[in-house]
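A.B. asks: Given next are the chains, with one letter for each unit.
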Amino acid sequence: MLVLRRIWISTTERTEGRIETRIRPTVLGFLDGDIPGIRDLTRRDRGVFDRLLIRYSNQISGSKLDSVSQYFSSTHEIDREIATLLSARRAWKRYLAAQRLGAINATVAGPALIVALRDKNFEVRRATVRSLGRLAVADATAGLISALAEGRTPDSLTLWALLQMGAPALETARAHLANGDDRMKIYAIRLVELLGSPRDSVAISTLVHDLSPGVRSAAALALGRLGGASSLTLLLELLEDEEGSVRRDACKALGRLRDKTAIASLLLHADTDEFDVAMASSEALFATDPSILVDLDPGAISSALMESRDLAFIERS
Amino acid sequence: MHYFFDVTAIFTITYFALLNGIYVLFTLIAWRSLSMNLKRRNLQGFEEPFDTPFIPGITVIVPAYNEETGIVDSVRSLVDLRYPKFEIVVVSDGSTDATVERLKDEYDLVPAHRAARKILKTKPIISSFVSRHHPNIWVIEKENGGKADALNVGIDVARYPYFCAIDADALIEPDALLQVAAPILSDPDRVVASGGIVRIVNGCTVDHGRVVEVDLPKSRIAVFQVIEYFRAFLVGRVGWTRFNSLLIISGAFGLFRRDLVTKLGGYATDTVGEDLELVVRIHRYHRERKLDYRVVFVPGPVCWTEAPEDLLTLSRQRRRWHRGLGQTLWKHRAALLRPSLGALGLFALPYFLFFEFLGPVVEVAGPPITIVAFVLGYLSVPFLVAFIVIAFLLGVTLTVAALTIEEFNFRRHRHPRDIVRLLAYSITENIGYRQLTDLWRTMAFVDLVKGKTEWGAQRRRGFQSRSS
Numbered sequence: 000m001l002v003l004r005r006i007w008i009s010t011t012e013r014t015e016g017r018i019e020t021r022i023r024p025t026v027l028g029f030l031d032g033d034i035p036g037i038r039d040l041t042r043r044d045r046g047v048f049d050r051l052l053i054r055y056s057n058q059i060s061g062s063k064l065d066s067v068s069q070y071f072s073s074t075h076e077i078d079r080e081i082a083t084l085l086s087a088r089r090a091w092k093r094y095l096a097a098q099r100l101g102a103i104n105a106t107v108a109g110p111a112l113i114v115a116l117r118d119k120n121f122e123v124r125r126a127t128v129r130s131l132g133r134l135a136v137a138d139a140t141a142g143l144i145s146a147l148a149e150g151r152t153p154d155s156l157t158l159w160a161l162l163q164m165g166a167p168a169l170e171t172a173r174a175h176l177a178n179g180d181d182r183m184k185i186y187a188i189r190l191v192e193l194l195g196s197p198r199d200s201v202a203i204s205t206l207v208h209d210l211s212p213g214v215r216s217a218a219a220l221a222l223g224r225l226g227g228a229s230s231l232t233l234l235l236e237l238l239e240d241e242e243g244s245v246r247r248d249a250c251k252a253l254g255r256l257r258d259k260t261a262i263a264s265l266l267l268h269a270d271t272d273e274f275d276v277a278m279a280s281s282e283a284l285f286a287t288d289p290s291i292l293v294d295l296d297p298g299a300i301s302s303a304l305m306e307s308r309d310l311a312f313i314e315r316s
Numbered sequence: 000m001h002y003f004f005d006v007t008a009i010f011t012i013t014y015f016a017l018l019n020g021i022y023v024l025f026t027l028i029a030w031r032s033l034s035m036n037l038k039r040r041n042l043q044g045f046e047e048p049f050d051t052p053f054i055p056g057i058t059v060i061v062p063a064y065n066e067e068t069g070i071v072d073s074v075r076s077l078v079d080l081r082y083p084k085f086e087i088v089v090v091s092d093g094s095t096d097a098t099v100e101r102l103k104d105e106y107d108l109v110p111a112h113r114a115a116r117k118i119l120k121t122k123p124i125i126s127s128f129v130s131r132h133h134p135n136i137w138v139i140e141k142e143n144g145g146k147a148d149a150l151n152v153g154i155d156v157a158r159y160p161y162f163c164a165i166d167a168d169a170l171i172e173p174d175a176l177l178q179v180a181a182p183i184l185s186d187p188d189r190v191v192a193s194g195g196i197v198r199i200v201n202g203c204t205v206d207h208g209r210v211v212e213v214d215l216p217k218s219r220i221a222v223f224q225v226i227e228y229f230r231a232f233l234v235g236r237v238g239w240t241r242f243n244s245l246l247i248i249s250g251a252f253g254l255f256r257r258d259l260v261t262k263l264g265g266y267a268t269d270t271v272g273e274d275l276e277l278v279v280r281i282h283r284y285h286r287e288r289k290l291d292y293r294v295v296f297v298p299g300p301v302c303w304t305e306a307p308e309d310l311l312t313l314s315r316q317r318r319r320w321h322r323g324l325g326q327t328l329w330k331h332r333a334a335l336l337r338p339s340l341g342a343l344g345l346f347a348l349p350y351f352l353f354f355e356f357l358g359p360v361v362e363v364a365g366p367p368i369t370i371v372a373f374v375l376g377y378l379s380v381p382f383l384v385a386f387i388v389i390a391f392l393l394g395v396t397l398t399v400a401a402l403t404i405e406e407f408n409f410r411r412h413r414h415p416r417d418i419v420r421l422l423a424y425s426i427t428e429n430i431g432y433r434q435l436t437d438l439w440r441t442m443a444f445v446d447l448v449k450g451k452t453e454w455g456a457q458r459r460r461g462f463q464s465r466s467s
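As given, the protein sequences belong to chains A and B, one line each in that order. The first sequence begins at 0 in numbering that gives the first Met the number 0 and counts up by one. The second sequence begins at 0 in numbering that gives the first Met the number 0 and counts up by one.
Watch out, some of these pointers could steer you wrong.
If you want the footprint, here are the derived chain B segments under chain A, 3+ residues with CB under 8 Å [what the hints assert, rightly or not]:
(1) 100 to 113
(2) 186 to 200
(3) 414 to 422
Quick caveat, the hints were computed from the structure, so don't treat them as lab data. No residue lacks a Cβ here, since even glycine has one placed at the ideal position from N, Cα and C.
If we strip away everything but chain A, and leave its shape as in the complex, we get (with noise of 0.2 Å):
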């Protein structure tokens, strides 16, 4: 039976990498606006151009993906898929509806993506998230962010599908700023600090006296980024944090202001017993200037500084 099946798996594919070959041109032109070329094909040519359509869309943009769209809403695959991920018993099959929906750009689904951002199985949710993200779909920013709040769906996916959105996340981020929730707060910094720019910073500056560690830190990170005037100031008070983990992102947050001025300071933690806190130091050295790492006497300097000292050499060299 395996083998049988095999052969009959073999002859499929055969025979529809020929259809592929042939039809290849079709789905070209379909995309240029040839819409007259597609209507000679065959069911099951029809379906290996379907299949190329979709693979297609992952790697087009503007007027041709909008032409990939209308096609699917022509073919009423659209209204199909809708109706398998809002009523389908079987989550797989949900799941596949969600990522259809993102893959064929139907931003006329957007209304029933953020209605499946809470259903019952988590991969529906993840599949949802990525459709979400890939259609950009602005109305679903605080349904995402609030899928966040409450874990519903993965963080580094969700952040993802935010960024996607732009302005409207940021937006959502902002207000979120001042949010009770510590977890909260972190998500909206970092999505401000992505998203923003450097006036930003003074809503940022805020949250750097924040009782929450993480919260300190993501806030560094952001104001690393996001620059600003009083950023520098308040970064290096950072440097003081009681929790090594703010001061280790306080020395990242440096390294990517890459202002002279911190280099005393860096110079002074680059030296210290914690490892992480010592690391970033010596990394945000070498990014400000590598030039001063060169001078430092090996035989007086921490392991952190030894090791940013030698990539400052390769890189001179």
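Here the structure of chain A is known, so what remains is to put chain B in place on it, guided by the hints.
C.D. replies: Just chain B, lined up with the frame of chain A:
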């Protein structure tokens, strides 16, 4: 005497029923779990979730001892990994061959100090190098201390929050790190370790560190191992993952949270089964503290590794594995049958003790006892024949089921003739090969009593390149 044979018969039948019952259960779980995987696979896009600044970095640690034949290909396969943030740390464990020189030539290594946390106790580092062209490749030379010690050095110098331990004779597929990290990224608070599938590279064609054509090995011994690996990974590990009691994440390819492993003291250097021992310790740590956690197996990501093709090397490997199992079980004997540890104490550890560790003894002792019983007239011949036929057919069926899972889900062997060959070997492995491995595993008891600690020499053939 009659009483002895009655007890033996009852023990054998119970043992057989329990063992095969577990196998059948795991096969059903694997079938269901992997079928779901298959349905989802076509639309899985790994790129988006990984194309984000929120991805944690991974340090890939490659412990190497006299690996001059394959180390360059192995590192090349790592350089091509599709993952946004990773570094490669090769730790040469006092190699006496040209392992480091090969890497120096290939990657233009220059001496550079590498800072270490010095939290884990290890043999001293002698020197370290960084690649001029690939600043994320580091090579550490240290005094010989064994694989676990080399891994601990890698953990101590790692810069990222996760580390992936990879054997120096292994080739990793470009997407493998992405895929093995996926469960951790989906659920970073709970998933603390994850492992991928290990496949046998013998017979495959390798080009610049990538397996470009999958073929079955010419060596019969290696083909038997291909089948064994299917059973172990596609059935066994999927099943254990279902019960959150996966005890083995292969040393050839496993991803762990660095701070957790450091807190637990790193890999144990007093056992040759350091990969198994670490995972058991991770389970115990979480279960004793009632923490919510997951240790998972991911069937998609592939690590290709070279299997022994001669009996001597294979026997050494099996004896070493069994010795490692024995040492781990002894070390964690306090966890055995402890209800507070849940499935670990009541299911996984007892299974590994009674069926994996003591199983070979039962299987080796079976035939002589049967012959004696037959000679003394204590044995019902029809019963014996029926038992042998059922055992044989069940063994073949379970192996074919594992093959079917592979064929339906992954289809890595492209030629239909490979399927025929694998099916034929599924039948013949029960005659000779299985008994031989049981014998070697039984001999491991002698090694354990003698307190043997070394790994034994490994004979490497290197990868079969396209040009060769």
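A.B. asks: Against each hint, give a clear statement of whether it holds in the structure.
C.D. replies: Hint by hint, here is what the structure shows:
1. Coverage of the region 100 to 113 of chain B by chain A holds in this model, with 5 residues showing a Cβ closer than 8 Å to a Cβ of that chain against a need of three.
2. Figure legend: the region 186 to 200 of chain B, annotated as covered by chain A; annotation consistent (3 residues with Cβ-Cβ distances under 8 Å, at least 3 required).
3. With 4 residues having a beta carbon nearer than 8 Å to a beta carbon of chain A, the region 414 to 422 of chain B meets the requirement of three or more and the stated coverage holds.
Every hint from the earlier list agrees with this structure, and none is contradicted.
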